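The lines below spell out each chain.
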Amino acid sequence: MAKRGISFWAQLAFTLLVCALLVVPVVLSMLAGVTVNYFVGIKSGLTLRWVEEVWRLYAETIWLSMRIAFACLACTLLLGVPAAYVLARRTGAVARAIEELLVMPVAVPGLATSLALIVTYGGFGDFRRSWVFILVGHVLFTLPFMVRSVLAVLHSIDFATLEEGAASLGAGFLQRFFHVVLPNCLSGILAGSLMVLTLSMGEFNLTWLLHTPLTKTLPVGLADSYASMRLEIGSAYTLVFFLMIIPSLIVLQILANRKRA
Amino acid sequence: MNETFHLDAVPIRLKGCGKTYDGGVCALEPLDLAIAGGETLVFLGPSGCGKTTTLRIIAGLESPDPGGRVYFGEDDVTDLPIERRNVGMVFQSYALFPNMTVIDNVAYGLRVRGVARAQRIARADEMLAMMHIADLAGRRIDQLSGGQRQRVALARALVVRPRVLLLDEPLTALDAKLRDTLRLEIDRLLRELGITAIYVTHDQAEAMALGDRIVVMSKGRVAQVGTPREIYHRPANSFVADFVGIMNRLPAEARDGMLAIGRELLPWSGPEGHVEVLVRPEDVIMGTGDGHLDARVAAAVFLGDRTRVLAETADGRSVTVDTPGRTDLVRGAAVSLSFDPARLLTLPR
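In the order they appear, the protein sequences are chains F and S.
Its first residue numbered 1, the first sequence is counted upward by one per residue in this note's numbering.
Its first residue numbered 1001, the second sequence is counted upward by one per residue in this note's numbering.
Misleading hints may appear alongside valid ones.
Unchecked claim - Listed next, with one range per pair, are the computed distances between beta-carbon atoms:
1. D1242/S to A93/F: 50 to 56 Å
2. G41/F to D1142/S: 54 to 60 Å
3. A160/F to D1175/S: 23 to 29 Å
4. L174/F to T1181/S: 35 to 41 Å
5. V24/F to S1093/S: 51 to 57 Å
6. S1093/S to V23/F: 44 to 50 Å
Don't read these hints as lab results, they were simulated from the structure.
The model shown is predicted, which means the values in this text are computed figures rather than measured ones.
Backbone N, C-alpha and C fix where the C-beta goes; we use that ideal spot for every residue, glycine too.
Put together the whole structure using the sequences plus the hints.
Rendered as structure tokens:
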């Protein structure tokens, strides 16, 4: 191996420093969640007490977040996949314009979207008070991710010709859609699904305005606990959130790598 | 080849089938065409000539402009979508389903027809055996070579016993050597099956080799319909003459049953007056002595089986001449060209 110059070691040191800047707070925060007394430090001992406490206080929010995330996934699948298919089939300028407009809910601040929702639907009391109100916000926010993810795959395969091939063999529209189109954009649907789940689980901006004291989601509860509880509980809560969201992020990354390969 | 597999020879008729796209672009002028049962008909032409549009109208992937009708035998199929026409189609890109194995691809047409799994797999297996690719049954599509994909696509199109086989530039994606092999194979297959086949290509060699008849198309219009020999030796117009093979054009004077070409008078039964005569490179006789026309060799390309010579006459005209491969000529050599009046053509005015 060639002898490495000073610039190599300087760059390595810099890279490690940046990594440390990013990683250290995360590790400290997670550590705080299992430390008996954060102000005394790690020598006060490790404990799972705070995690238990979080579960006791906030289990509701975790269940609600999961319920919303999966309901949101169901909605984006039912709405987003057919929408992507129709957009991909249309060749006109309108379809392309809609594709571009799909980034809008991402670009517009969540605050604005949720205010619009409250102004428009706030008057429907039962709706406003139910978790479905938050779901609507989440679907609005995550739908573009599903559509774009499926669209990317549809644009990369010549699905129109595949469909013509199936049609020439006697397959009607539904058969073509379920036998040929869907299986061939599965990777996009999968990537989109994980994205939707992750985004919905972690969504705070919209949810903060849309929630009621009875419909608190995990991130809202997290903000709440940092504001009003001991630091250890907030940190333990973060730990729980991490454990829930990291696996799906890892799978997402694996999928992305496989697509590139 | 399986002897028992034989398909019905369904005649096909197009009546006034034109196609105008949104925005008024005319892809195909109204076309009347009768294709005999069991015939292999080739649509030949440059891209954008309307050949693929015609094929897609027959397939049911496009509908003709109002008034146009498509008949399969006695059935008017104009209003049936492709999935109800019972056609077999081979696409340029093959359109094999990447989410299915080879055998499932081939069996797909039977699957949508509700044939039980065991039975459709058996029939698909037979078809793979007929195409000599039985060992590929379990492969995924992305594990196949171009030639193998081509065979799978054919097997898949044929397993449903279609009324007509439609092939859209099926060899274009393959390399030259493989193209020749598969061309022969497809030709033999079509003869043995006895099916009516419609083949679209821009390659004249393919059209000549495969077609019982060729429909040469240009700019949405039929330029000529005829057997390969008619198309090659009696082109109906200037487009066909130039598109199919190489054609030399020479000015000449015809009077009183004689044609003046160069310094020679040849007996002539064609049109009189100032005419342009056409002659194929292989019909020009090249010598060194007293021919009809003097020329110099401008270029000579050795092609193995023949040498293609570009000769330049004194008045600056180029004449392409095919001579036997062993002819050795140097640039600038003086040659003389002779013509057999029976092999000279004129185009109808």
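#### Entry: Violations among the numbered hints, reported as their numbers in ascending order
1
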